[in-house]
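Go ahead and model the full structure; you've got the sequences and the hints to work with.
Each protein sequence line maps, in turn, to chains A and V. First residue of the first sequence: 224, per the numbering used here; consecutive thereafter. First residue of the second sequence: 32, per the numbering used here; consecutive thereafter.
These aren't lab readings, by the way, just hints derived from the structure by calculation. Check before you lean on any hint, since a few could be wrong.
[Unchecked claim] Output of the computed footprint for chain V on chain A, the stretches with three or more beta carbons under 8 Å from beta carbons of chain V:
1) 303 to 310
2) 320 to 332
3) 345 to 359
4) 409 to 422
5) 520 to 532
6) 651 to 659
7) 666 to 678
Built from N, CA and C at the ideal position, the CB exists for glycine as well.
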Amino acid sequence: MYRYDEFDAAFVNQRVAQFRSQVERRVSGELTEDEFKPLRLMNGLYLQLHAYMLRVAIPYGSLDSRQLHRLADVATKYDRGYAHFTTRQNVQYNWPSLSDTPDILQDLAEVDMHAIQTSGNCIRNVTTDHFAGAAHDEVADPRVYAEIIRQWSSLHPEFSFLPRKFKIAINGAKQDRAAIRVHDIGLQLVQLTDGGVGFDVYVGGGQGRTPMIAKLVAEGVAEQDILSYLEAVLRVYNLYGRRDNKYKARIKILVHETGLEQLKADIEAEYAHVKSTFLDIPKEEIERIDAYFAMPKLRDASAGVAKLAETRARDAGFSQWVSQNTHGHKVSDHVSVTVSLKPVGGVPGDATAEQMHLVADLASQYGYDEVRVSHAQNLVLPHVAKEDLYAIYQALVTVDLAEANVGLVTDIIACPGLDYCALANARSIPVAQDISERLGAIERQKQIGDLKLNISGCINACGHHHVGHIGILGVDRKGEELYQITLGGSSDENTSIGAILGRGFPAAELTDAIEAVIDTYIGLRLSDDERFIDAYRRVGPKPFKEALYPSDQKAA
Amino acid sequence: MFVVTGNRLLDGIVVYLAAAHHWVEDLQGARLYDTSDEAQTVLGEQSDMIVSLDVIPVSKQDNGHVVADRLRERIRSDGPTIQPFDAIPLERQFSTAAD
Numbered sequence: 224m225y226r227y228d229e230f231d232a233a234f235v236n237q238r239v240a241q242f243r244s245q246v247e248r249r250v251s252g253e254l255t256e257d258e259f260k261p262l263r264l265m266n267g268l269y270l271q272l273h274a275y276m277l278r279v280a281i282p283y284g285s286l287d288s289r290q291l292h293r294l295a296d297v298a299t300k301y302d303r304g305y306a307h308f309t310t311r312q313n314v315q316y317n318w319p320s321l322s323d324t325p326d327i328l329q330d331l332a333e334v335d336m337h338a339i340q341t342s343g344n345c346i347r348n349v350t351t352d353h354f355a356g357a358a359h360d361e362v363a364d365p366r367v368y369a370e371i372i373r374q375w376s377s378l379h380p381e382f383s384f385l386p387r388k389f390k391i392a393i394n395g396a397k398q399d400r401a402a403i404r405v406h407d408i409g410l411q412l413v414q415l416t417d418g419g420v421g422f423d424v425y426v427g428g429g430q431g432r433t434p435m436i437a438k439l440v441a442e443g444v445a446e447q448d449i450l451s452y453l454e455a456v457l458r459v460y461n462l463y464g465r466r467d468n469k470y471k472a473r474i475k476i477l478v479h480e481t482g483l484e485q486l487k488a489d490i491e492a493e494y495a496h497v498k499s500t501f502l503d504i505p506k507e508e509i510e511r512i513d514a515y516f517a518m519p520k521l522r523d524a525s526a527g528v529a530k531l532a533e534t535r536a537r538d539a540g541f542s543q544w545v546s547q548n549t550h551g552h553k554v555s556d557h558v559s560v561t562v563s564l565k566p567v568g569g570v571p572g573d574a575t576a577e578q579m580h581l582v583a584d585l586a587s588q589y590g591y592d593e594v595r596v597s598h599a600q601n602l603v604l605p606h607v608a609k610e611d612l613y614a615i616y617q618a619l620v621t622v623d624l625a626e627a628n629v630g631l632v633t634d635i636i637a638c639p640g641l642d643y644c645a646l647a648n649a650r651s652i653p654v655a656q657d658i659s660e661r662l663g664a665i666e667r668q669k670q671i672g673d674l675k676l677n678i679s680g681c682i683n684a685c686g687h688h689h690v691g692h693i694g695i696l697g698v699d700r701k702g703e704e705l706y707q708i709t710l711g712g713s714s715d716e717n718t719s720i721g722a723i724l725g726r727g728f729p730a731a732e733l734t735d736a737i738e739a740v741i742d743t744y745i746g747l748r749l750s751d752d753e754r755f756i757d758a759y760r761r762v763g764p765k766p767f768k769e770a771l772y773p774s775d776q777k778a779a
Numbered sequence: 032m033f034v035v036t037g038n039r040l041l042d043g044i045v046v047y048l049a050a051a052h053h054w055v056e057d058l059q060g061a062r063l064y065d066t067s068d069e070a071q072t073v074l075g076e077q078s079d080m081i082v083s084l085d086v087i088p089v090s091k092q093d094n095g096h097v098v099a100d101r102l103r104e105r106i107r108s109d110g111p112t113i114q115p116f117d118a119i120p121l122e123r124q125f126s127t128a129a130d
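Following this line, the structure appears as structure tokens:
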């Protein structure tokens with residue numbers, strides 16, 4: 224993976240020193256709170272409901288064991304012994320003090336990490352497929368381009384004060400595992416006819432209060448031209464994006480208000496100008512970055528594959544975990560392992576320092592020193608020999624991380640909600656826990672099959688409820704938490720925005736309602752193999768409305 | 032009834048105004064104001080070491096216990112409603128008095 228060069232290291236250390244000085248000046252009274260607040264936000268430090276929250280960037284969700292150990296150490300040394308992995312592939316600490324934060328950032332800088340551009344109206348952490356570089360269905364490794372974009376966008380002077388925050392996602396496989404169509408810019412890697420690699424560029428997707436699916440604005444932009452093209456899109460947005468209304472400032476609104484054809488023309492005109500300048504990426508530079516992301520030298524583990532089958536036959540729990548939590552690898556005697564951070568009844572995305580240390584140890588012992596954070600709030604060991612799976616599973620069992628539920632109903636994406644977040648209107652975590660406990664029996668989960676259930680505690684949609692097959696949105700209705708259910712959302716290559724089914728439910732009735740939706744699906748699916756989302760697309764909302772609002776149907 | 036609340040600058044922890052320039056972590060120790068306007072008048076007098084100042088409505092129960100009216104503020108005063116792990120207790124090194 225990418226390692227800082229001297230420039231990167233000096234830059235991040237300088238930034239830590241700057242922030243330390245800013246904190247000292249704030250405490251001494253030299254800076255007022257109004258002057259200081261934007262400075263702390265530029266370093267990822269928010270003030271939430273109970274305390275400060277520090278958001279640390281994990282570039283395209285990639286970590287090595289040294290970094291994950293350090294994240295665990297920070298949790299123990301400066302926080303309350305746990306951390307929260309987010310849908311942006313980042314990590315958040317819920318209880319740091321302001322006075323400790325410069326030391327935290329210094330500790331992170333020692334392992335090539337920082338919190339720059341995790342807040343503010345700038346280009347945020349670029350996200351990508353958590354199986355990047357390992358997946359059997361990959362066109363090209365998206366991390367190479369994510370790293371190039373990271374270097375280009377870090378403190379880019381022209382794009383440090385955009386109308387709103389800006390999120391770019393890159394997907395390198397045929398299956399979209401990076402939710403690119405609900406990002407400001409989504410890049411899909413494609414093979415070009417000349418044998419080279421290029422990008423289909425989608426612009427104007429997003430969730431929040433106005434969910435929109437990104438529009439395809441360019442096909443097959445060659446790899447050496449991608450920064451020029453991004454520069455053109457960002458310039459058009461910076462020029463025309465609305466600054467008069469925070470809620471209409473994202474690029475999705477510009478796309479909607481300008482119209483796709485006009486916007487494409489604006490981007491093309493700017494692109495022609497930018498192309499005449501200096502932004503072509505030199506081939507040597509692409510190759511230099513590419514070398515950082517070379518596949519590790521995998522050992523020949525073909526002899527152990529037969530042993531795996533024997534072990535699976537002996538241990539049903541392990542076999543279920545292998546079925547659910549592993550993903551096909553480019554090399555047939557290896558797989559990618561997803562470590563679920565969704566134990567039944569647990570807090571989605573949270574991990575203790577002990578758990579993080581253990582995953583880091585597994586990465587160094589079995590996983591070629593690589594760990595990923597997925598946008599579904601799980602951890603991934605991208606390269607694992609099949610013969611090592613049982614040892615990994617047994618180790619995960621000891622720290623309650625062996626839940627065999629990836630892609631199932633209890634693999635819930637949830638934002639921190641009103642338990643932590645200053646913006647939330649309703650709690651997300653207790654709702655997730657209740658649903659997880661109700662449906663957590665493994666036989667029940669297998670009966671339900673693939674299902675994405677996402678929960679947000681407010682309209683900002685950090686829990687991605689719009690693109691959950693089942694989405695739950697918490698709202699405040701006259702002081703009471705109320706939960707709206709949406710159905711039919713999806714963030715893959717067939718992205719769709721879920722539709723609200725009807726009036727919301729109080730928390731005490733919500734799990735019953737979710738179970739009624741699921742039982743309705745089971746009752747109408749054509750076979751056990753018809754997924755919830757496919758059944759919903761076939762039948763529409765009517766049978767689910769009838770199940771949840773029977774009196775409405777009688778009245779009609 | 033109303034109380035004045037904020038977060039300590041140095042550690043961000045939720046505090047309530049108990050008396051002039053004296054802040055406490057426990058809502059039960061907060062000074063009660065009869066009207067919002069009365070509480071608002073003291074905001075400008077507070078130390079710069081307390082941030083995110085606000086005036087919030089509270090009610091006194093029959094047993095004398097003070098409870099914030101809004102759920103958000105109840106969670107703010109009592110902490111998260113979920114306890115996922117044996118989390119390390121908060122041990123802040125700062126006095127509860129802000130100045």
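Against the structure, the hints come out as follows:
{"no.": "1", "hint": "303 to 310", "verdict": "holds (count 3)"}
{"no.": "2", "hint": "320 to 332", "verdict": "holds (count 3)"}
{"no.": "3", "hint": "345 to 359", "verdict": "violated (count 0)"}
{"no.": "4", "hint": "409 to 422", "verdict": "violated (count 0)"}
{"no.": "5", "hint": "520 to 532", "verdict": "violated (count 0)"}
{"no.": "6", "hint": "651 to 659", "verdict": "holds (count 3)"}
{"no.": "7", "hint": "666 to 678", "verdict": "violated (count 0)"}
Violated hints for the displayed structure, listed by number in ascending order: 3, 4, 5, 7.
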